[in-house]
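The listed protein sequences correspond, in order, to chains A and B. Position one of the first sequence corresponds to residue 57 (the numbering used here), numbered consecutively onward. Position one of the second sequence corresponds to residue 3 (the numbering used here), numbered consecutively onward.
Source of the hints: derived by calculation from the structure; they are not laboratory data. None of these values were measured; they are calculated from a predicted model. Keep in mind that the hints are not guaranteed to be accurate.
Straight-line Cα separation of at most 30 Å, DSBU-like style, residue types lysine-lysine; simulated pairs [as the list claims (entries may be wrong)]:
(1) A/Lys94 to B/Lys124
(2) A/Lys86 to B/Lys73
(3) A/Lys69 to B/Lys124
(4) B/Lys79 to B/Lys25
(5) A/Lys94 to B/Lys95
(6) B/Lys66 to A/Lys94
(7) B/Lys25 to A/Lys139
(8) B/Lys66 to A/Lys133
(9) A/Lys133 to B/Lys73
(10) A/Lys139 to B/Lys34
(11) B/Lys52 to A/Lys94
(12) A/Lys133 to B/Lys52
(13) B/Lys25 to B/Lys73
(14) B/Lys66 to A/Lys69
(15) A/Lys87 to A/Lys177
(16) A/Lys87 to A/Lys133
(17) A/Lys87 to B/Lys79
(18) A/Lys126 to B/Lys79
(19) B/Lys79 to A/Lys133
(20) A/Lys172 to B/Lys34
(21) B/Lys34 to A/Lys110
(22) B/Lys66 to A/Lys86
(23) A/Lys177 to A/Lys94
(24) A/Lys110 to B/Lys73
(25) B/Lys95 to B/Lys73
So you can see what is in the structure, the chains are spelled out below.
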Amino acid sequence: MNLPNNKIAVFRKEHFNAAHRIFNPSWDDKKNAEVFGKCSNPNYHGHNYELVVKVVGEPDPETGYVIDMKVLSVITKEEVLEKFDHKNLNLDTIYFRDLNPTAENIVTVIYDLLRKRIDPKLELQVRLYETERNFVEYPA
Amino acid sequence: MVYLTRVEHFNAAHRLFNPGWSKEQNEAVFGKCANENWHGHNYDLYVTIKRNPDPDTGFLFDVKKLSEIIKEHVIEKVDHRNLNIEVDFLAGKMCSTENLAIGIWQQLQPHLPAEAQLHCVKLYETPRIYVEYFG
């Protein structure tokens, strides 16, 4: 039986710049260099991160909106950009003190930050580009 | 005359900070770019040379060789680096995109043969911000 599906996906793109390094503090420098290569540079490197926030739901009959995109933009700015933009992810944020700031871990942190601000009846998916060619998505 | 461009890219950390100024003055001028713990970018580098095509090859210059010159003299020095503290050709200079483009020109110029005349170094710091240097 086919139920009518009125769900729409809406997307908001944002971007931020940040420094980071990938390293495991329980390993020595040699093993970190072997596993993470130049990404473990102790002096950090950085990226222009591109963020795509996807929200899925049925348009509200009164507004026609799945979610007010302006509201989604403000939530993303408050929860993500103000915390990550022009920051050192390892040193300037509370989220990566005990968590390696890989694209995989950054995207799950961003998902958790946004999820608590978005109506539970709406589905949320986050895509994060670390470079043009490397990007991750959560939930998969 | 034909213009030939090779595109390369690198990722790096930096900060905008004038050591001769106070912390307050740096923050007033450079804002969040002055963050003492650095931030970073994906840089896209466009190197353009100009010349009439060689009649024997039809090429301006072997583009593979151009790529190797850029990789050896620029990318290996800046990729996954901290531009303020790890890059010899930026030592003592402000780490702006403008100065980085000039520095890249100076890195490349001596290694290009006379026939491959450097025309432009175009450097994107973000998809929306770039500089061009014509020597």
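To see whether the hints hold, each was checked on the structure:
1. Simply put, lysine 94 of chain A and lysine 124 of chain B have alpha-carbon atoms about 25 Å apart, close enough for the 30 Å limit, and the pair holds.
2. Of the supplied pair hints, the one linking lysine 86 of chain A and lysine 73 of chain B holds, its CA atoms being roughly 25 Å apart against a limit of 30 Å.
3. With a CA separation close to 26 Å, the supplied pair lysine 69 of chain A and lysine 124 of chain B stays within the 30 Å bound.
4. Distance check on the hinted pair: lysine 79 of chain B and lysine 25 of chain B sit about 29 Å apart at the alpha-carbon level, within 30 Å; holds.
5. At roughly 24 Å between alpha-carbon atoms, lysine 94 of chain A and lysine 95 of chain B fall within 30 Å of each other, so this suggested pair holds.
6. Simply put, lysine 66 of chain B and lysine 94 of chain A have alpha-carbon atoms about 24 Å apart, close enough for the 30 Å limit, and the pair holds.
7. Among the hinted pairs, lysine 25 of chain B with lysine 139 of chain A is consistent with the structure: their alpha-carbon atoms are about 21 Å apart, no more than 30 Å.
8. Between lysine 66 of chain B and lysine 133 of chain A the CA atoms are separated by roughly 42 Å; this puts the pair beyond 30 Å, and the hint is violated.
9. Between lysine 133 of chain A and lysine 73 of chain B the alpha-carbon distance is near 36 Å, which puts this suggested pair outside the 30 Å criterion.
10. A C-alpha spacing of about 12 Å is found between lysine 139 of chain A and lysine 34 of chain B, which places the hinted pair at or below 30 Å, so the restraint holds.
11. Between lysine 52 of chain B and lysine 94 of chain A the alpha-carbon distance is near 34 Å, which puts this suggested pair outside the 30 Å criterion.
12. This hinted pair does not check out: lysine 133 of chain A and lysine 52 of chain B have alpha carbons roughly 44 Å apart, beyond 30 Å.
13. Pair hint lysine 25 of chain B plus lysine 73 of chain B does not hold up; C-alpha atoms about 36 Å apart against a cutoff of 30 Å.
14. Between lysine 66 of chain B and lysine 69 of chain A the alpha-carbon distance is near 36 Å, which puts this suggested pair outside the 30 Å criterion.
15. Pair hint lysine 87 of chain A plus lysine 177 of chain A does not hold up; C-alpha atoms about 45 Å apart against a cutoff of 30 Å.
16. A hinted pair counts as satisfied when its Cα atoms are at most 30 Å apart, and lysine 87 of chain A with lysine 133 of chain A does not qualify at roughly 37 Å.
17. At roughly 23 Å between alpha-carbon atoms, lysine 87 of chain A and lysine 79 of chain B fall within 30 Å of each other, so this suggested pair holds.
18. Proximity of lysine 126 of chain A to lysine 79 of chain B is assessed by CA-CA distance (about 42 Å); at most 30 Å being required, the pair is judged violated.
19. Straight-line distance between C-alpha atoms of lysine 79 of chain B and lysine 133 of chain A comes to about 34 Å, which puts the hinted pair past the 30 Å bound.
20. Proposed proximity of lysine 172 of chain A and lysine 34 of chain B is supported: the alpha carbons are some 27 Å apart, at most 30 Å.
21. In summary, the hint linking lysine 34 of chain B to lysine 110 of chain A is supported, as the alpha carbons are separated by about 28 Å, within the 30 Å threshold.
22. Between the alpha carbons of lysine 66 of chain B and lysine 86 of chain A the distance comes to roughly 33 Å, so the proposed pair goes past 30 Å and is violated.
23. Taking the CA atoms of lysine 177 of chain A and lysine 94 of chain A, the gap is about 42 Å. The hint is violated against a cut of 30 Å.
24. Under the criterion of a C-alpha separation no larger than 30 Å, the hint pairing lysine 110 of chain A with lysine 73 of chain B is inconsistent with the structure, at around 37 Å.
25. The straight-line distance between the Cα atoms of lysine 95 of chain B and lysine 73 of chain B is roughly 22 Å, inside the 30 Å bound, and the hint therefore holds.
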